[in-house]
Amino acid sequence: MSQRAGNNLKTALKANIVGSSRVFRDAVSGKPDFYSFQLGHSSSFSLKLNRFKADINVALMDGQGQMLMQSARAKRRPEAIDTVLGAGTYYVKVFPARRREQSRYRLQLSATELPRIVEPPPVIPIQDPPPVAPIQDPPNDNSAPPEPLQSDSGKSKQIALTGDVASTGPVNLVGTVNRRVIGTIGNETLVGGAGDDLIAGINGFDLLIGGGGADRFLLGDTSTPYYLGVGYAVITDFNVAQGDRIEVTDNALFRLGDHRLVYDRFFIPNAFGQYRDVGTAGIDTAIYWGNDLLAIVQDAVVT
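First residue of the sequence shown? That's 1 in UniProt numbering, and the numbers climb one at a time after it.
Hints were generated in silico from the structure; no laboratory data involved. Hints may be right or wrong, so weigh each one.
Said to hold, decoys possible - In silico lysine-lysine, BS3-like type, Cα no more than 25 Å apart, as pairs:
#1 Lys48 x Lys14
#2 Lys53 x Lys75
#3 Lys75 x Lys10
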């Protein structure tokens, strides 16, 4: 005998969808149907709703019943939601666009755990970088930090690098006061100083350490996100109280709304193949563009 979906959060039909794809067939008639599922770790989630004869919509909700995403296409067009979710409890709500409409439907749910251990660089040391040749401060280096970047519309925007920011040299750069620390190709440790630094690793497996001051960690430029494909950044000292911020690409191809924040504990291997927590026992924030990991912010909940 098939189970029927409940009509509220308390009676929601529990769906075990981790590592599998489940199909549910039911009907709505004035009242919505609810399904619930739990994720133990960060996962790629997919939802498909089709085979209905009325205008039926679907919503994804968090454990408190607050809506996260909704698919509400016109008429009888199939609905779909694809996203990355962190560990926790979630609900799916299937409901008619107009209250008195009724129809049968087919709902497909699936979730696949994202790798908690990602292919690492040879070494990502959480320690002071090796000594490097001193970098001479430019004239008036102690002046005010650069003005915030502006979008084409003249409004301040959470995007990064403009054309005047160039690579400053080899691996393991150490910034000074109000310094631009820009990485190159490969795996790097980029360290800011006591001032308001701009830090960007571009690609590879990078460790970004801001230091004191209000630091800007760049995860993209005006055209494309950094760390697409293989590689990601680990940001170790993000501090909102100091004025730190993380900037991502926001344009027609890589929209701000397509970036996902996933809260979990993440683990990476060290040089000896041993897996350790990115931070302490605290929750980290993973920043994705779609399903592509761009950065892990150590021991910080970024909103």
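Against the structure, the hints come out as follows:
1. Lys48 x Lys14: Holds, because 17 Å separates the two Cα atoms, which is no more than 25 Å.
2. Lys53 x Lys75: holds, 9 Å
3. Lys75 x Lys10: violated, 30 Å
Violation of the numbered hints given earlier is confined to hint 3; every other hint is satisfied by the structure.
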